[in-house]
Every structure is written in C-alpha cells, then in structure tokens.
Amino acid sequence: MSAMSRRRGRRLVADASIRILLVVFTCWTLGPIAWGVVSSLLPTEALIQTPPDLSPAKFTLANFEEVLGSGHNLVQGLLNSAIVATLTAGIALVLGSMAAYALARLRVPGGNRLLLIVLATQMFPGIVIVIPLFVVLSRAGLIDTYAGLVLVYLSFILPIVIWVLKGFFEAIPPQLERAAAVDGASPLQTFRLIVLPISLPPLFATAVFAFIEAWNEFFFAIILTRLDVKTGPIAIAEFSGQYQTLYGQMVAAAVLASIPVVLLAVVFRQYILKGFVEGAVKG
Amino acid sequence: MADRSATAAAGRRSSVGYAERRRRAGLLLVAPALVVLIAVLALPIVASIVLAFQEADSATGAFGGSWVGLDNFAAVPSDPAFGIALRNSVYFTLVEVTVVVVAGLGIALLLNHRLGRSGFFIVILLIPWALAPVANATLWKWIYNANYGILNVVLRQLGVIDDNVVWLGDPWLALHAMLLADIWKSVPFIALLLLAGLQNVPQILYRAARLDGASALQAFRHVTLPQLRTTLLIAVVLQSIWALKVFDLIYVLTKGGPADGTVTLNFLAYRVTFNFGDMGYGAAIADVLFLLMFGLALLYVRVFRPGRAAVAPG
Amino acid sequence: MAEVELVGVTKRYPGGVEAVSSVDLRVPDGEFVTLLGPSGCGKSTTLSLIAGLDEVTDGEIRMDGRAVNDLTPVERDVAMVFQSYALYPHMTVAENIGFTMRLRKRPKAEIRERVRAVAESLELTPLLDRLPRELSGGQQQRVALGRAVIRQPRLFLFDEPFSNLDAALRIRMRSEVKQLHQRLGITSIFVTHDQEEAMSVSDRIAIMRAGRIEQVGTPEEVYARPASTYVARFIGSPQMDILPGEIERDAGQAYFRVGGERFAIPDAVMPDGRAVDLGIRPEHVLVEASGVPATVVVAQPIGPSTYVTLRWDGGDLTTRLPGMVRLEPETVQHVRLQPDGILWFDRETGRRVEAA
Numbered sequence: 407m408s409a410m411s412r413r414r415g416r417r418l419v420a421d422a423s424i425r426i427l428l429v430v431f432t433c434w435t436l437g438p439i440a441w442g443v444v445s446s447l448l449p450t451e452a453l454i455q456t457p458p459d460l461s462p463a464k465f466t467l468a469n470f471e472e473v474l475g476s477g478h479n480l481v482q483g484l485l486n487s488a489i490v491a492t493l494t495a496g497i498a499l500v501l502g503s504m505a506a507y508a509l510a511r512l513r514v515p516g517g518n519r520l521l522l523i524v525l526a527t528q529m530f531p532g533i534v535i536v537i538p539l540f541v542v543l544s545r546a547g548l549i550d551t552y553a554g555l556v557l558v559y560l561s562f563i564l565p566i567v568i569w570v571l572k573g574f575f576e577a578i579p580p581q582l583e584r585a586a587a588v589d590g591a592s593p594l595q596t597f598r599l600i601v602l603p604i605s606l607p608p609l610f611a612t613a614v615f616a617f618i619e620a621w622n623e624f625f626f627a628i629i630l631t632r633l634d635v636k637t638g639p640i641a642i643a644e645f646s647g648q649y650q651t652l653y654g655q656m657v658a659a660a661v662l663a664s665i666p667v668v669l670l671a672v673v674f675r676q677y678i679l680k681g682f683v684e685g686a687v688k689g
Numbered sequence: 049m050a051d052r053s054a055t056a057a058a059g060r061r062s063s064v065g066y067a068e069r070r071r072r073a074g075l076l077l078v079a080p081a082l083v084v085l086i087a088v089l090a091l092p093i094v095a096s097i098v099l100a101f102q103e104a105d106s107a108t109g110a111f112g113g114s115w116v117g118l119d120n121f122a123a124v125p126s127d128p129a130f131g132i133a134l135r136n137s138v139y140f141t142l143v144e145v146t147v148v149v150v151a152g153l154g155i156a157l158l159l160n161h162r163l164g165r166s167g168f169f170i171v172i173l174l175i176p177w178a179l180a181p182v183a184n185a186t187l188w189k190w191i192y193n194a195n196y197g198i199l200n201v202v203l204r205q206l207g208v209i210d211d212n213v214v215w216l217g218d219p220w221l222a223l224h225a226m227l228l229a230d231i232w233k234s235v236p237f238i239a240l241l242l243l244a245g246l247q248n249v250p251q252i253l254y255r256a257a258r259l260d261g262a263s264a265l266q267a268f269r270h271v272t273l274p275q276l277r278t279t280l281l282i283a284v285v286l287q288s289i290w291a292l293k294v295f296d297l298i299y300v301l302t303k304g305g306p307a308d309g310t311v312t313l314n315f316l317a318y319r320v321t322f323n324f325g326d327m328g329y330g331a332a333i334a335d336v337l338f339l340l341m342f343g344l345a346l347l348y349v350r351v352f353r354p355g356r357a358a359v360a361p362g
Numbered sequence: 019m020a021e022v023e024l025v026g027v028t029k030r031y032p033g034g035v036e037a038v039s040s041v042d043l044r045v046p047d048g049e050f051v052t053l054l055g056p057s058g059c060g061k062s063t064t065l066s067l068i069a070g071l072d073e074v075t076d077g078e079i080r081m082d083g084r085a086v087n088d089l090t091p092v093e094r095d096v097a098m099v100f101q102s103y104a105l106y107p108h109m110t111v112a113e114n115i116g117f118t119m120r121l122r123k124r125p126k127a128e129i130r131e132r133v134r135a136v137a138e139s140l141e142l143t144p145l146l147d148r149l150p151r152e153l154s155g156g157q158q159q160r161v162a163l164g165r166a167v168i169r170q171p172r173l174f175l176f177d178e179p180f181s182n183l184d185a186a187l188r189i190r191m192r193s194e195v196k197q198l199h200q201r202l203g204i205t206s207i208f209v210t211h212d213q214e215e216a217m218s219v220s221d222r223i224a225i226m227r228a229g230r231i232e233q234v235g236t237p238e239e240v241y242a243r244p245a246s247t248y249v250a251r252f253i254g255s256p257q258m259d260i261l262p263g264e265i266e267r268d269a270g271q272a273y274f275r276v277g278g279e280r281f282a283i284p285d286a287v288m289p290d291g292r293a294v295d296l297g298i299r300p301e302h303v304l305v306e307a308s309g310v311p312a313t314v315v316v317a318q319p320i321g322p323s324t325y326v327t328l329r330w331d332g333g334d335l336t337t338r339l340p341g342m343v344r345l346e347p348e349t350v351q352h353v354r355l356q357p358d359g360i361l362w363f364d365r366e367t368g369r370r371v372e373a374a
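Residue numbers (our numbering), protein chains in the order written: chain A, 407 to 689; chain B, 49 to 362; chain C, 19 to 374.
So that you can see chain A by itself, here it is in the shape it has in the complex (with noise of 0.2 Å):
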C-alpha cells in the first residue's frame, strides 16, 4: 500500500471510531430523556408489563390530562415557579447590572475583593442560611409568599449575575464611555445609555440563565413556602412521594415541568454559551 493510501485507511478508521464514539455519546445523553417521554405518554398499565407494552396504540396523552387535572398542583405549581422565576430573573438583572458595571468599569474602593468574597458564599449549601432566614421571613410574615422566595432566591443567583456581567462590561472598549464623557454623559447616562444598549444578548442570557435556576430550585422552596407558593419542583416531588406507584404521571409531571426551561435553554443556547462557559473560562 501506498503511504497515501495507508494514512487514508488510517483515517477511516479513525473516523469510524468517532462517529461510533458519537452515537454512544447520544445514545447516552438522550436515551433517559427518551424513556422519560416514551414512559409519560403510556398509561400505566402498559409500563408495568414486564416488558413493557410499547404498542403505539397505546399511546395517550391521559397521564398528563389526569396531572394538569384539578386533583392535583401542579398547574398551580407552574405558575407560581414561573411568577417566581419572572421576577428573581428581573430584580437580579436591573441589580446585577448595576453593581456589575460600578464593579468592572467605576473603581468602587474593595471591588474586587468584596466580589471573591461573595463567590466564596457561594460555596455554603443552603442549609447553611435557611434557618436564620427562616425566623427573618416568618417574622416579617414573608413565608409562603412571592417577595420571601424571591429575596432568598436572589442569595444565590444575585451574585452569579454580578460574576458573568462583570466579565461582559470589562469587555466593552474604555474608549467608548470616554467618548460618552467626552460628549457630557454622567457615568449613570453612560450606563444607561450606552453600555446597557449594546449589552443586550449577554443581559438576555443571563436573565435566561436566572430564570432557569430560579425555576428548578427546591431546597428554599420547601421550606420556605406552604400551600400559596408552592412551586413546580415541590409538586414534582410529591408525585414521587405521594403518588409514586402512578408511574406514568409521576414522570408526566416531570417531563411537564421541564419542558419551559429545556425549552428556554435550547432556543437561546448562542447567549447562554457565549454567556457562560466562555465566562467562566476567562474566569
């Protein structure tokens, strides 16, 4: 064989063995998704044949009838996961952005150091501060409410938004604020006007990016909230508890509550990669 030859072969091999690499890798990835789905759109009774009955007849959409029906929480869940997501998303950008920008671009004295500081927080489990937050909220009557989870869904996400906005503004040319300045802009008009305007896809991910941890976050929200709040991860959980022989609707109930936020994070994947691990590998 010639040595052309022999480095083609070579590489077709090589080539094979990625693409079986590849199919592994999603086969892998999806095949749980993939049985969730299957297992939520098929009664019950045909999931615990052994082996299952996968007939296409009987597929149906009954289990998620009977999980949005009104015996349960869940749509109420929902709701309020996304009424809560909404507004931790919102408070945490117009906040965020704010000290993100003081942080990258106007010299607050300790700047730096306080922003360490409270990544370092970011490393207490929850466990850690719900307790004292607990008799604070419940003190001010805030348990069970929208303000209360918000407040405490802003601990953890708050300082995320600050950390990945920081790195955005750090990026804008210096130049362009002088010119602003140059032209009569306060610092405040600056930010307002110019920097925040051709922000918009890095705020957009990360108030997507917010949304969806505020979405699927459970610790706070079983403890800090009762019947009004209750939010769509704590409905989940209890139809793996409660209603757990009912297989077909507990995964229903799931797949139901993750289609918002995989949905979310599939159509605005561009501002969340660039977003995020890009942000995170300039570190």
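Just so you know, these hints were derived from the structure itself, not from any lab. Since this is a predicted model, take the numbers as computed values, not measurements. We put the CB at the ideal spot given by N, CA and C, even for glycine. One should not assume that every hint holds.
[Unchecked claim] Derived DEER-like restraints, expressed as beta-carbon distance ranges:
#1 A:Lys464 to B:Arg135: 43 to 51 Å
#2 C:Arg80 to A:Ile489: 27 to 35 Å
#3 B:Ala90 to A:Ile489: 21 to 29 Å
#4 C:Gly33 to B:Ala87: 35 to 43 Å
#5 B:Tyr348 to C:Ala186: 50 to 58 Å
#6 B:Val150 to A:Ala577: 26 to 34 Å
#7 A:Leu633 to B:Phe268: 37 to 45 Å
#8 A:Leu467 to B:Gly325: 38 to 46 Å
Dock chains B and C against the given chain A, drawing on the hints supplied.
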C-alpha cells in the same frame, strides 16, 4: 454661542472632577445589590455561625438558645452518623468529579473534532443541564424502580441479571445509583465548559506540534492539557462544590436511606435540623461542610497554580 | 477658542511610575499643536489629562487663565476624536453626531438641523441613517469628526485619529483636518507618533520623551534646529545621520575625522570646542566628483528621489539624490557634506551646540 450657556448649565457647577464622579456613581450603582446580599446572604451566614455555638431546638427557636461554646462541634467527631456522612460525601465527590471531568473532557474532544461540530450535539447536551434536579431525580427513580424500571428490564433481557435488583434498597447500590444519576446530569455543563476551553487553544500550536513530528496523543499531552489547565481547575472546583451540595436527588430517591447509605454531610445537616429539630448541631455540621469545601478550593488552587501555561492564558 | 496652559503637570501612578513628568506647555488661542513621540512617551496620557478623563497628580491645567483640574470634560468644553473612532455601535450616524446635543436636552428640531449641517460639511449626508459597522474606516472617522465639530467646543483634542487608516486615506484626512482648523480656528491639540503627520498639520510641534517635553517649535524649527539628537533623529525621514568623530586641525583647515576618513569643515560652521557629534540630513550629503570615498551598499528609488546608503571606513551614511538614480552596489562614490546642513551635538548630553 447658545451652546456656551448650555454647556455651563449642563456642566452643573461642581467642583467634582471626572474621576470622582465615577467613583460616586459606582457606589450608588453597587449599593442596592449590596444591601440585598448583606440582608439575605451575609447576615444569615453570620447568624448561622453564631447558631452553631448554641444549644437551640424547636422549643427555644433559632435565636433563643443558650450559648454552649464548642459543644456542638465537639459532638461532631463522635457522632457515628457524621462519620458515615463524611465518608459518603468524600467518596461521592471523588468519584463524581473524576468521572464527570474525564467524561466531560472526552465529550469535549469529540465535539471539537471535525465530525462532532454539529449544533445538534450542543442541543442534546443542554437538555440534562436544564432539567430541574428534582425532575432528574424523578426520572431516575423511575428508571431504578425495582419492579418496572427500565434498567432492570433491559438488564434482564440482556441476560446480565436473573432477578430484579432493588437498586435503591441496598446502601452500596443506592449510593452508586445516585452517583450515576448525578453524573449523567452533571457531565453536560462540564463538557461545554471544557469545549469552550478547547476552542480557546490557539490552533497554531497544533500546527507547530505537527511540524515538530508530534502524534495526536503527544499533541494532546503537550499542547492541549497545558492550555486547559485553568479551565480544568475551574471544572474540578465547580463540580466538587456541586457534588458536596447534592440534596434534591437524595430527598427524592432515598431520603438518606437505606441505613444511612446515602446520607451526605449536606443531607445530614438538613435531617438534624428539620427532622430532629437540633438547630445548633445542624448549623455546626453545615459550617463544617463549608470549611471542607473552602479548604478543597484552596487546595486545588495551590495544586494547579504552579505551572501557568507558557503561552496565552487559558 | 481657548488658550491652554500646562504648568508642571505630572501624572504619577501608584507604584511610582510617572507617565507625565512636570510638563510645561502653552498653547495660544487658535493654535494647532501636536504632541509627537514614540509609544509610551506620555503623549496620550497628557491628552487625557487635558481632556479631564484622567486626574492630574501634580501641577495645573489652565484654560483661559482658569485652573480646570477639577472640571469634567464637558465642563471644560472640549471635544475629542479617538483612535478607534469610538462611535456608539447601536446608534445611527445621525444619532452619534447628535448625541451630545440630546444629552443637553436641546429641542429635536434644533438637533436635526445642526446634525444635517455638520453632516453636509463632512460629506456624510447619504450615510446619516447607517450604523457604524456599515461604514468604512474613513467614513467612521469623519463621523467621529462630526461628533466633535457639532459641539463648537473651545478645544479640539485628537488622539492618534488616523493610525487605523491606510496610507492614502491618512494623507487625505490630514488635509481635511487642516482645512477644518483653518475654517473653524478652534484651538487644537493633536497626538501622533508619525512625524510626517505632525509636520504636515501643525502650527507647532511638542516632541515628547519619557514623560517630558524635549522641544517645542514650529515644523521648520524642529527640523532645521532640533534641540537634541533625540529630536533630530525623530523628525525627518530618512533619519538624520549622526557621526561620532573628532575635530582636528591641519594646516589651518578644520576637519571632522570619523574613522579613517575626514571631512573638511569651513570655519564658519565650527562648534564651540567640546566633544561633539556631527549631524547631517541625507539631503545635505552631497555626492560629487571629489570627497570622502564611500561604497554604495544599496540604492532605494522611491519616485521623486533615491535614498542611497553609502558605507565608508567610519560607518554608514544615507544620502538623498533627486530623481530616480541608478547606482550599482560596490561602486565607489565621493561624499561631501554641505556646510549649511551641518549640526553639532554635544556627545555627552545629546543637546545641540551652536556654531561658535
């Protein structure tokens, strides 16, 4: 000419220069976020540390307890549950971080390859990442179901096992089942992180290596890995912290059982505080957990710091 | 219109580094002054200090006699054109130019009218609705000019505005800026590292070195009477030749000996006796029938003239010959120094020494 007066008006007679204006604006912009974080983060952390030095339970309430100094911390080593939880936490974290980072790196390399460049793979990576941990736990609870779970069905069909295995019924099995569930969910983010790191490696280094006669493996060892140092460090630190923080999975799958086989430090702190009502002791455990995480982060930085990549920062 | 004065202006950073060291400069009303020097000499920092974008550590900046150290840029009534144009990417050309008026809350009609007038004067009218990223470098720079012009400020500042443009465009823009200055008469301070640029647009040039001003003068002054070897080498292209050598007298004739050869020097241009180096610009190095023999190393015809590098026992000399001249390498030519082009520099300090 009209502009002259406009300038004076717009300038607003002030004896404060540009730099000072910016500093003041900075303080103003940082203040709201700072206030919120002090209220919901800083103060509770301090309160929690204080709580660890107190004897407080549901009877006394969190702020009504009596001061007992280091008693709570002293009780920690002699508590058998703590020993088990510590062992579980360390094992869980070590295994998860190793598997997740290695698998993540593998996937990142795959997706960085010419054949793996499709957006499709990015999309499927985002799905596990976006799932709520509770939803993930529910899914795996169903997969691990002893009677009807797909895992048993498949393994039986393949002839690997004869009878249904009660995955969540044996301490050792349950811990590993949890590991698998969390690894599956955690790999995507790390893979994406490492992929970004890979894409930041200057291509020209690979070209130079090839000209020097390096094989693919050598290029990986001498070009890729050094450039990825910082990103790998970040991946390891982040994943360690998340592994130690696992809660939703335990709550939904096993509630710590069987026989404390899946109790981690985080879950123990929760159980002690909420099921046993001993808030002081619970706070002590939580604070020990934090110290552990902080120490780990410092350790990693110390280990990885020497030997910055000679070329562009990672 | 404004007179700008820098009195002992210093910019010191924490850590002790002084980017600008005790600079004194007076710019009369309406003058176009250029700060010239290599990267890192402090010229851009000085400009920032004048603009009010950086804090002065020591010294005073005065405009029309009043100290303005504590005033913001807009209070000082300065406009600035940046190297990277710094146009607001999310605003159209019209909005970019009109931004400063919008900040002053001028009525929309007035803004529209003024923007239109400025755009017309800079031939930007067809581009008013475009975004910066749709424009070429030259167009963007004109928008940046427009943004500055619309202010009718007391002082114009230019921070290497043409460095990012290609050669032909750069020359065009220099001409435009000069015409603008002639038309508006606004005091202007221009920063560049390109000596040709400085020479072509300025009323006076301030050459800077390591945070200090080495010399201030008109283009003619800094060209013909540079204050030091630093200035002499910086101004003029190709560089002035500086020859280290010894003065000697022989039979009543003064010579400058460099290596194995010596150049005859008329008494009229002899320096005050110290240890001196001789400086001469290429156009004053004459190639004639008799003189110091030198070998042609390379000839570079550029069109209107030809630069020839000649090597002799004492070193290399560059000469500029008019027109396109063909000279074969390795041939021998004879070199004489034109007396009125000879400059003397103190060997130790580098400062120029007058003829005795």
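Status of the hints after comparison with the structure:
Checking the proposed 43 to 51 Å range against lysine 464 of chain A and arginine 135 of chain B shows it holds: the Cβ atoms sit about 45 Å from each other. As the Cβ distance of arginine 80 of chain C to isoleucine 489 of chain A is approximately 60 Å, the hint placing it in 27 to 35 Å is violated. Our hint of 21 to 29 Å for alanine 90 of chain B and isoleucine 489 of chain A holds, since their Cβ atoms are close to 27 Å apart. For glycine 33 of chain C and alanine 87 of chain B, the Cβ-Cβ distance of about 38 Å falls inside the hinted range of 35 to 43 Å, so the restraint holds.
A hinted range of 50 to 58 Å holds for the C-beta pair tyrosine 348 of chain B and alanine 186 of chain C, which are about 55 Å apart. The beta-carbon spacing between valine 150 of chain B and alanine 577 of chain A, approximately 32 Å, falls within the hinted interval of 26 to 34 Å. A beta carbon spacing of about 55 Å between leucine 633 of chain A and phenylalanine 268 of chain B contradicts the range 37 to 45 Å that was offered as a hint. Look at leucine 467 of chain A against glycine 325 of chain B: about 44 Å separates their beta carbons, and that is inside 38 to 46 Å.
Checked against the numbered hints given earlier, this structure breaks hints 2 and 7; the rest are met.
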